[in-house]
Amino acid sequence: MDEITKVVRDYIIREYVQEGDDREITETTPLISSGLVDSFSMVSLLRFLEKKYAIHIPDTDATPEAFDTVERIVALVRQFQKTEVGSV
Amino acid sequence: MAFSDAVRDSYQTDIEGIKAAGLFKEERYIHSPQSSEIEVEFPVGSSIRKCINICSNNYLGLSSHPEVIAAAHAGLDSRGYGMSSVRFICGTQDIHRELENQLTNFLGTEDTLLFPSCMDANAGFFEACLNEQDVMIADRLVHASIVDGMRLSKAMQDTFKHSDMGHLEEKLQEHQDKRFRMIITDGVFSMDGDMAKLAEMVALAERYNAMVLVDDSHATGFIGKTGRGTHEHCGVLGKIDVITTTLGKALGGASGGCVSGRRELVEMCRQRARPYLFSNAVAPVIVAGALKVLELIGATTERRDKLEWNAKYWRGLLTEAGFDLKEGNTPIVPVMLYDAKLAQEFARDLFDEGVYAIGFFFPVVPKGQARIRTQLSAAHEKHHLDLAIAAFRKVGQKRGILGLGKKDLLARCAA
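Note that the protein sequences, when read in sequence, are chains W and P.
Last residue of the first sequence? That's 88 in the numbering used here, and every number before it is there in order.
Last residue of the second sequence? That's 1415 in the numbering used here, and every number before it is there in order.
Just so you know, the hints here were simulated from the structure itself, not pulled from any lab data.
Label pairs and their calculated CB-CB ranges:
hint, chain 1, residue 1, chain 2, residue 2, range
1, W, R23, P, L1402, 26 to 34 Å
2, P, L1387, W, T26, 46 to 54 Å
3, W, T26, P, E1110, 45 to 53 Å
4, W, R47, P, E1302, 43 to 51 Å
List time: in silico BS3-like cross-link candidates among lysine-lysine, alpha-carbon distance up to 27 Å:
hint, chain 1, residue 1, chain 2, residue 2
5, P, K1154, W, K51
6, W, K82, W, K52
7, W, K6, P, K1367
We put the beta carbon where it would ideally sit given N, CA and C, even for glycine.
Chain W on its own, in the form it takes in the complex (with noise of 0.2 Å):
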């Protein structure tokens, strides 16, 4: 496992999962169409992500089917990695 994909599913599990709550979190585990993340909270997530990668996310892209697992968060997360790195 990468470092961005650790970090996002440490995040996501330290945030959203509920104590006693035992389910296990992949890179494919449906996140947002499975009810663990509704959209409302997934704010907190991208702000996460805005944050700690120096990146910015545009609403179009922000979108619950881009959230929906881990491995599609570290692949959006990449995408403005190379935007950010390719503006300056």
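Based on these hints, arrange chain P on the given structure of chain W.
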């Protein structure tokens, strides 16, 4: 564009999808006034049957109280049927302001503004009072109307884990750069029946310079020694900056809601809250009825005391019968079944046994958390509850679930 066949087909597909997912909601027609015993036509077209109602928000049993009905009649005669106006044009009568003052006294706040419903109060408050310099930090289980209201505001949205004060503290620390921080919670959570930790929340708000908003819709009139609400129960009367609540549950159950709290926040709502500005004044008949409700509950705590007794008695009966309950000390007692299909079937079986209760499942509650939500009322007599538990026991036995905990219930459903 005409409502073409293609458009119709598209909507029909959506509706079929709702049905296929088991989420289709059907109304049951009630042919009697709201009470602990009601006459129900269900399915539509079937003969009317008498049931014990254990799922209404008629907590104090005042929805059909003769004195409330008489006061509403008098209000209808003296002030008319409708206002045909929003409040600030020509829709405010003396009794509207009188009710606002009475609510202010009852809730122990500085001022109050009536809204057509608490849904509207929540929809209007955040946009009117907070802006992009501010942050709203809400419990993750707040009512849908608060979520909608927050979405309409330009302030930043954040959430904390349900009733997790450590998590809330982290969020308050994180947002110290904002102009205003507002902690947002339900007083009593409608699906789980648990109460917010308001004393701890107020202490955190003082430490981190934040305001507190409580939606006390499932508490006003009966929680706390004199029924003021969760702020009375938690010993923080006068320390909650904003209370939103409803007239549509314990306080007569007709309709209407309010924002009550700091004078300036209420005034901002009067100036800017769109559901207040752009919808009609609460009908005089409802205002007159609500004034009588406040007079009745101000004179004696008899009804909230009876409700408290009923809730304890009912919780004891269910526990003794072997049902798995959510812990709590409010008149909302969720019977946990975890499986959506089982919850639906259980509710149907109860209806056949003469008990009207509803199964709740995703998306109203999280997946795997399906339940029958039972709600007590001061209108319930002991014999109603004894009859209801007999039905619960019978259906529980039929389904083979008595004495089972979460793990066993889920395993049984998976089998």
